[in-house]
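Chemist: Using the sequences provided together with the hints, build the complete structure.
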Amino acid sequence: MRQRSIIAITAALAAGSLTLTACGSRDEGGNSSNGDKTTVVIGVDAPLTGDLSALGLGIKNSADLAAKTANKKEYVKGVEFKIEALDDQAQPSVGQQNAQKFISNKDVLGVVGPLNSSVSQQMQKPFNDAGLTQVSPANTGTELTQGDGWKTGNSVRQFKTFFRTATTDEIQGAFAADYLYNQAKIKKVYLIDDQKTYGAGLAASFKTNFTKFGGQIVGSDHINPDDRDFNAVVAKIKKTGAEALYYGGEYPAAAPLSQQLKDSGQKIPLMGGDGIYSAEFPKLNKKAEGDLATSVGKPVEQLDSAKTFIKDYEAAGYEDDYEAYGGLTYDATWAIIEAVKLAVEGNDGKVPSDGRKAVLDAMAKVKFDGVTGTISFDEFGDTTNHTMTAYKVKNKAWAPEFSGEPKLG
Amino acid sequence: MNELPQQLANGLILGAMYGLIAIGYTMVYGIVQLINFAHGEIFMVGGFGALTVWLVLPEGFALGAAIPLMIVAGVIVSVAVATAAERFAYRPLRTAPRLAPLITAIGLSIVLQQAVWMWYPDAKKDQTFPQFEGGPIDILGANIQRGDLFVLIAAPLCMFALGLFVTKTRSGRGMQATAQDPDTAKLMGINTDRIIVMAFAIGAAFAAIAAVAYGLKNGQVGFRMGFLMGLKAFTAAVLGGIGNIYGAMLGGVVLGVAESLATGYIGDIPGMDLFGGGAWKDVWAFALLILVLLFRPQGLLGERVADRA
Numbered sequence: 000m001r002q003r004s005i006i007a008i009t010a011a012l013a014a015g016s017l018t019l020t021a022c023g024s025r026d027e028g029g030n031s032s033n034g035d036k037t038t039v040v041i042g043v044d045a046p047l048t049g050d051l052s053a054l055g056l057g058i059k060n061s062a063d064l065a066a067k068t069a070n071k072k073e074y075v076k077g078v079e080f081k082i083e084a085l086d087d088q089a090q091p092s093v094g095q096q097n098a099q100k101f102i103s104n105k106d107v108l109g110v111v112g113p114l115n116s117s118v119s120q121q122m123q124k125p126f127n128d129a130g131l132t133q134v135s136p137a138n139t140g141t142e143l144t145q146g147d148g149w150k151t152g153n154s155v156r157q158f159k160t161f162f163r164t165a166t167t168d169e170i171q172g173a174f175a176a177d178y179l180y181n182q183a184k185i186k187k188v189y190l191i192d193d194q195k196t197y198g199a200g201l202a203a204s205f206k207t208n209f210t211k212f213g214g215q216i217v218g219s220d221h222i223n224p225d226d227r228d229f230n231a232v233v234a235k236i237k238k239t240g241a242e243a244l245y246y247g248g249e250y251p252a253a254a255p256l257s258q259q260l261k262d263s264g265q266k267i268p269l270m271g272g273d274g275i276y277s278a279e280f281p282k283l284n285k286k287a288e289g290d291l292a293t294s295v296g297k298p299v300e301q302l303d304s305a306k307t308f309i310k311d312y313e314a315a316g317y318e319d320d321y322e323a324y325g326g327l328t329y330d331a332t333w334a335i336i337e338a339v340k341l342a343v344e345g346n347d348g349k350v351p352s353d354g355r356k357a358v359l360d361a362m363a364k365v366k367f368d369g370v371t372g373t374i375s376f377d378e379f380g381d382t383t384n385h386t387m388t389a390y391k392v393k394n395k396a397w398a399p400e401f402s403g404e405p406k407l408g
Numbered sequence: 000m001n002e003l004p005q006q007l008a009n010g011l012i013l014g015a016m017y018g019l020i021a022i023g024y025t026m027v028y029g030i031v032q033l034i035n036f037a038h039g040e041i042f043m044v045g046g047f048g049a050l051t052v053w054l055v056l057p058e059g060f061a062l063g064a065a066i067p068l069m070i071v072a073g074v075i076v077s078v079a080v081a082t083a084a085e086r087f088a089y090r091p092l093r094t095a096p097r098l099a100p101l102i103t104a105i106g107l108s109i110v111l112q113q114a115v116w117m118w119y120p121d122a123k124k125d126q127t128f129p130q131f132e133g134g135p136i137d138i139l140g141a142n143i144q145r146g147d148l149f150v151l152i153a154a155p156l157c158m159f160a161l162g163l164f165v166t167k168t169r170s171g172r173g174m175q176a177t178a179q180d181p182d183t184a185k186l187m188g189i190n191t192d193r194i195i196v197m198a199f200a201i202g203a204a205f206a207a208i209a210a211v212a213y214g215l216k217n218g219q220v221g222f223r224m225g226f227l228m229g230l231k232a233f234t235a236a237v238l239g240g241i242g243n244i245y246g247a248m249l250g251g252v253v254l255g256v257a258e259s260l261a262t263g264y265i266g267d268i269p270g271m272d273l274f275g276g277g278a279w280k281d282v283w284a285f286a287l288l289i290l291v292l293l294f295r296p297q298g299l300l301g302e303r304v305a306d307r308a
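Protein chains in written order, with numbering that gives the first Met the number 0: chain S, 0 to 408; chain F, 0 to 308.
FYI, nobody ran anything at the bench for these hints, they're computed from the structure.
Note that this is a predicted model, so its numbers are computed, not measured.
Ideal Cβ placement from N, Cα and C applies to all residues, glycine included.
There could be a bad hint or two in this list.
[Unchecked claim] Per the computed footprint, the stretches of chain F lying under chain S, defined by three or more beta-carbons under 8 Å from a beta-carbon of chain S, are:
no.	stretch
1	188-199
2	214-220
[Unchecked claim] Dumping the calculated SDA-like pairs for lysine to any residue here, alpha-carbon to alpha-carbon at most 25 Å:
no.	chain 1	residue 1	chain 2	residue 2
3	S	Lys395	F	Leu56
4	S	Lys395	F	Arg145
5	S	Lys286	F	Ile265
6	S	Lys395	S	Leu341
7	S	Lys266	F	Pro120
8	S	Lys206	F	Ile265
9	S	Lys391	F	Glu132
10	S	Lys237	F	Leu56
11	S	Lys395	F	Phe131
12	S	Lys266	F	Leu148
13	S	Lys282	F	Pro129
14	S	Lys286	F	Trp283
15	S	Lys195	F	Pro57
16	S	Lys282	F	Ile265
17	S	Lys395	F	Pro120
18	S	Lys266	F	Tyr119
19	S	Lys395	F	Ala61
Modeler: As structure tokens, then:
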């Protein structure tokens, strides 16, 4: 009975999560003409529920803001942009179902999202088969664009439809290693990741680059991102003499990990990537002072282009904060809007009958000054903007320390 | 420095928390043979109940003085939710096949998570829970955080009180009788419906205390915190012998210590470095569970062999 009930429970849980996702969709049939304007739908896929929903809702709202701005300015004549947001719960299987929903809606000419690299892996192929453009504001897994060969220098573009405004783990890990070794003068690091695509990829890239510089990885471990008690792992770090802990993962687990690290009497900083660069991190972690994070682009607050975004975002009155990916999402959405504009202009001011193909063709030509800098895409679909910033927690908030492009070790 | 005392203390603290939650699984199972999979969420709402009290208290209120209030609020919320669940979700299904209430429990678990996510202000993100100021206390070579002292004191106290209740009071004996044979107990004039509600309520109260301990320890509560803790506590209940209250606590402590030691030491064994650490601790914990069940299918302290399987 016991064993059988566990199986039954697993099955029921799976069934339960499947049914939940089925409720999320809204079918909007019929033709899309709205008076003299054509409606173009931009899909948004992000975790709108679950422990990453803070980031996901920021993505949804920022995409919505971009569409509204374009509509208000009548940026593309004769086109009304509309956002359709689906919740992927940070689950790859749900993301794939969402991808199918977007594909079956003929008005969707581009999709923004998702947040998680592991979800993206399941969405890329269906989008590629359907020729539907996808721009992720947050996926940093290098292999998503360049394939597994990137480690050996044999990068091959994986999917012609996948673009991103976020930079890759390769660049982020290299930047973190460069900063830690050359600026913070830390030579011994303990490495932990959460075994997800993002966390493991980032940790691997950090390790490669840090050892290239001459640094030493004195130990490594993996944790379960749903756990909140890491005392056993933390006790192990003590005897290794590490001067810093590098964590590949996201803030919900990183915050207690960092706090327990310091509670155990080890005054060493935790460093992570953009997954921990959230205002929530210092809130949830009472001993965050001195912890480090890297994130893409220059600090949003420092860029003039970003000030408009922040002002507009606040004026729009969204309930949730724009969070770590707000600026990048706005840019990702705007890239699609820009591509639609190019497609419409190349077709005498009308949305082409094969809109998806026209938008995809236009993506390579997209270039504009966005919230996070100049946005354009290279031959892999990666952003050409490689600027990164290291942040440090000071007075319970992230403060920019250093911006630059990484020296690839 | 020898880290063994530290790892044992970490495991003991974690295990005491598992044990407190496991009481809820074991009592409900002992009496109605239902695995109440929403129990993890009962634990979670207790944490939010306690947090709410802290948030409405004026700024600067001492945490030590607030804790009794927070426990009371947490217990009230948890017990209210658990008894409502019993009344409206489980009681109508009491004569239904075993799988029906089990699936109801899973559904309820999802509903409770989503309800907190949707209606508790700002609960889409993990919420900060107050913690004691001040550094750790050194006990026998292990650093014990001040917040962790709470569970180390609360768990034995709760167990003692529960033990007294079950053996010495009229309701407690009624509970034992209902667990042994509900129909005969009813014939003897025991109000079994009341006993069942009581089992749910006691389990919920213990879960709420565990939730306060969880908040004090980790400095945060979140709407998903019940899932993993619930699963571990259920494991602890099975390990200790489901249906036995002391077994639940023992199972919790064994599980906690096993996880802690597996994280700390398995990787150091030559040739095992790939199988150690935080990623594998659950594997070792469940390997231990399987091992125990192989030799003692009724669990460590379980008395009744699976008579209803």
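Chemist: For the pair supplied as a hint, S:Lys282 and F:Ile265, confirm whether the alpha-carbon distance does not exceed 25 Å.
Modeler: violated, 34 Å
Chemist: Given the hint that S:Lys266 pairs with F:Tyr119, does the C-alpha gap stay at or below 25 Å?
Modeler: Status violated; Cα separation ~35 Å.
Chemist: Given the proposed pairing of S:Lys286 with F:Ile265, does the C-alpha separation stay at or below 25 Å?
Modeler: violated, 29 Å
Chemist: Three or more residues of the stretch 188-199 of chain F near chain S by CB distance under 8 Å?
Modeler: violated (count 0)
Chemist: Is the hinted pair S:Lys195 and F:Pro57 satisfied, with a Cα-Cα distance of at most 25 Å?
Modeler: Roughly 41 Å between the alpha carbons, so the hint for S:Lys195 and F:Pro57 is violated.
Chemist: What's the verdict on S:Lys237 and F:Leu56, does the C-alpha distance respect the 25 Å limit or exceed it?
Modeler: violated, 38 Å
Chemist: Holds or violated: S:Lys282 with F:Pro129, Cα cutoff 25 Å?
Modeler: holds, 11 Å
Chemist: Given the hint that S:Lys395 pairs with F:Arg145, test it: the Cα-Cα distance must not exceed 25 Å.
Modeler: Judged against 25 Å, a Cα distance of about 22 Å means the pair holds.
Chemist: Given the hint that S:Lys266 pairs with F:Pro120, does the C-alpha gap stay at or below 25 Å?
Modeler: Measuring from Cα to Cα gives roughly 34 Å; hence the hint is violated.
Chemist: With a cut-off of 25 Å on the C-alpha distance, tell me whether S:Lys395 and F:Ala61 pass.
Modeler: Measuring from Cα to Cα gives roughly 22 Å; hence the hint holds.
Chemist: Please work out if S:Lys395 and F:Phe131 have their alpha carbons no farther apart than 25 Å.
Modeler: holds, 18 Å
Chemist: Does the alpha-carbon distance linking S:Lys266 and F:Leu148 stay inside the 25 Å limit?
Modeler: holds, 23 Å
Against the hints set out earlier in the document, violations occur for numbers 1, 5, 6, 7, 10, 14, 15, 16 and 18.
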